[in-house]
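Please build the complex by placing chains B and C on the supplied structure of chain A, with the hints as guidance.
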Amino acid sequence: MKDIKAIIESLVFVSDSPLTIDKIREILGEVEREEIREAIYDLMKEYEGRKSGFCLVEVAGGFQFRTRDDLGDWIQKLKGVKPMAFSPAAMETLAVVAYRQPVVKAEIDRIRGVDVSGSLKGLLEKKLARMVGRKDVPGRPMLYGTTKKFLEVFNLKDLSELPTLRELKELEK
Amino acid sequence: MKDIKAIIESLVFVSDSPLTIDKIREILGEVEREEIREAIYDLMKEYEGRKSGFCLVEVAGGFQFRTRDDLGDWIQKLKGVKPMAFSPAAMETLAVVAYRQPVVKAEIDRIRGVDVSGSLKGLLEKKLARMVGRKDVPGRPMLYGTTKKFLEVFNLKDLSELPTLRELKELEK
Amino acid sequence: MGYEVKLDIFEGPLDLLLYLIKKNEINIYDIPIAFITEQYLGHLEIMKSLNLDLAGEYLLLASTLIHIKSKMLLPVQESEEEDEIDPREELVRQLLEYQTFKETALNLDKRSLLERDVFKGGYSPDEELDQGEKPFVEVSVFELVEAFRKIVSTVEEELLEINAEKMSLADRINEIMERLAEEKDITFTDLLGRGTNRRVVIYTFLAILEMMKLRMIRAYQADSFGVIRIFLAVET
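Chains as they are written, first to last, in our numbering: chain A, 1 to 173; chain B, 1 to 173; chain C, 1 to 236.
With the rest of the complex left out, here is chain A (with noise of 0.2 Å):
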């Protein structure tokens, strides 16, 4: 087979874990064992020999790319500022306060159906909610709006941007 070890280094760079002799002989067919382990050991070779970012290794019963292990807080340093996802519990939340504004908490937490203690934090801790005052009934309690920077996040010029559940109904006909 013309083009084996560009296959196998492509199987092993596309693969979640390590990716063993065996997997790789299912996917070639007929190839024997040797052949491919010869392969993987040019490749290893040739990883080793360029001094590149990252080398092939075999591990767990497999062979896997792995970055060299002096790049380490190179690497730690992009996954520090790796850019911060919304959990499902977040973006519910803020979407309520979003489209409630001002709120009282236990408005939100009527409304999502559960304690949005928690995520609530989280939004104010990221400055994407805040407390904007307190609601003029017994007990005075906090009302929440969203922020400027919740505006830049989310791409809207100003909140009548958002869009309407309406706008999204027409969308599912």
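No lab work stands behind these hints, which were simulated from the structure alone.
Incorrect hints may appear among the rest.
For lysine to aspartate or glutamate, the following EDC-like pairs were computed, each having C-alpha atoms within a straight-line distance of at most 16 Å [said to hold, decoys possible]: (1) 5(A) with 32(A); (2) 5(A) with 48(B); (3) 127(B) with 143(C).
Coordinates of chains B and C only, in the frame set by chain A:
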């Protein structure tokens, strides 16, 4: 900085999404953009020359390792899933959004001659299209455009890389 | 008849019309409208007899075709020959535009698509949590409104609409809060600003009233005609 090529190689390798030069600079600190760009183009050439199983490509404003075009079938075999396919309806709607953005739904309806609600919603859910604002006309209808993920999936550096639309021939009387 | 099986693959009336034009090798710039109308209606009949769901758009185009046909039957008035507009012109323009996008869609589909033709690495290092200011992943308002729709799907309809006026008020309140966070106190006139339009003045005034009612801010005046100063009331 010694080893800058290997460091960049490892950073691109571990990044989930295409890594931008700005991001690399943020991590490396005081390195000129030009130096980074040069190192990346060097790497790109190396991979090309090696006929490796994957290569370094410029996409969606950044850089990413991707498997070679002609090895897709083997990888499908490993992944065991059917390749993702777009329906012609989804593809036509996406084409109009991409070339006419920012565009209102009524205009997409008009061009395609059908109600595009369903396919538009599918594109929003797949994060290939997004709401980008409202048009400043009565009713303030929603405007749609493409996303970064669109560039990523369709292997485009940026929107200007979209092949130009075949010019509409002027109608002869 | 080879074409029955093809009926459900048309992407719409324009697609069907383009197919008929190509199949009959017709010059798109000079469509024999009577002939093509007959062909088009014939296809609609087949679709109906197969109980295919015939979208309204197909019928709309049918009536457009019939309309053009009747117009073409009218005798051309010699006196107006200068500016005589071909009744087919608009339709042809639309067909050409659609054809362009149909081709473009096919070309897009020919690209090396991620997760179909090419793949990115499967490397997934352990998730590490890190503190500090981080940018957000690209997130669209679609996801926000979709999240809202999911949770309120059980709530009554009237609760679902957003009210533009209420939102404008919330916007103004947010702006004032933003300024107060930076400047500690602002005078009433500062807030109203100079040369702003009536709408802004009204919403600013309403916002201040609302904020005072909600005890978000406090207003002080040194003497009865003095400057009104506004302070944040909430301990943030």
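Now the hints, each set against the structure:
At most 16 Å may separate the alpha-carbon atoms for a hinted pair to count; residue 5(A) and residue 32(A) meet this at roughly 13 Å. As the CA atoms of residue 5(A) and residue 48(B) are separated by approximately 15 Å, the hinted pair is consistent with the 16 Å bound. A hinted pair counts as satisfied when its Cα atoms are at most 16 Å apart, and residue 127(B) with residue 143(C) qualifies at roughly 9 Å.
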